[in-house]
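Please model the entire structure based on the sequences and the hints provided.
For the sequence shown, position 140 (counting from the first letter as 1) is numbered 127 according to our numbering, and the numbering increases by one without interruption.
Ranges of calculated distance between the beta carbons of each label pair, as one might list FRET restraints:
id : residue 1 : residue 2 : range
1  : Arg37     : Arg265    : 50 to 60 Å
2  : Glu196    : Arg266    : 44 to 54 Å
3  : Arg200    : Arg266    : 42 to 52 Å
4  : Ala106    : Arg148    : 16 to 26 Å
What the hints contain is simulated information worked out from the structure, not anything from laboratory work.
For clarity, every value in this text was computed on a predicted model and none was experimentally measured.
Ideal Cβ positions, reconstructed from N, Cα and C, are used throughout, including at glycine.
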Amino acid sequence: MQIEFLSPQLIDVSSDAKKVSPDAIQALAESFQQIGQRVPVEVVAGTEGRYRLVFGVKRLAAAASLGVNISAIVRQSDEFANDAQIRLTEISETLYRHELTALEHSVDVADWCAIWRAANPVRRGPKPKQELSAESAPNSDDETIETAAAFSGTFSEAAQRFLKISRRNVFNALKIASIPAELRERIALDEGLADNQQTLLEIAGQPYERAARIVELLISGEATNYADAIAIIDRVPRANPLAAWEKLNDRFTRLKPNEQDAFFSLNEASVMRWLADRRSARR
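Written as structure tokens, this is what we have:
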């Protein structure tokens, strides 16, 4: 293991890596310019002078945006038993150290479960033909329930609570991770949608074309929530139209933190009035 300065262009990033928002890239790039890169990323040396990122996707994106080399801990491939161990290292880094959206958490848990499942099959015998060998995806709710119970049972109760990998959590993660990759990539860029577990579960239960249309309506803002998107697609009126404040709240929760702060600043007088009313009510 050694630390080197590498060109970001030489470092390959897994398609399953956390998607980085433009705001995060800009903020971290500004930090790099002010105080430099304080913590190296970690990579594995590959072939033809290229490297594979293990963790540090935000720092890598920031360095790439600035066009500067990045400090990296370089490990050799023989330090890992296989690609699965590299992926497990990446998953552990994100689950233990970062706040993830519901989508990111689901993909990481599903990948971890898939790696475990490949080594510890719940059901003996040959894999069904329709099973996706790359992800070891369960084929039915019954099998998903069985897999979730077995996988979550390998962790202590404390670990299940901290990592959010109870049987129910794992079941939901496997369902959400079954959303096609191209749709997941689009969802990941909308933090509000990416962190709405219930909506993600609803999308996961839809056929591809319908799910894609739902995602399009939600991201564009044409639909304020899942039920609204379904009403638009099916061309039926909503039985209980949302009140104005409900529509505003749905949109607000999907704003980035800096956008929410800007909203608070613009409505500071109303916020202060509400806080004063709350304090008075508690006396």
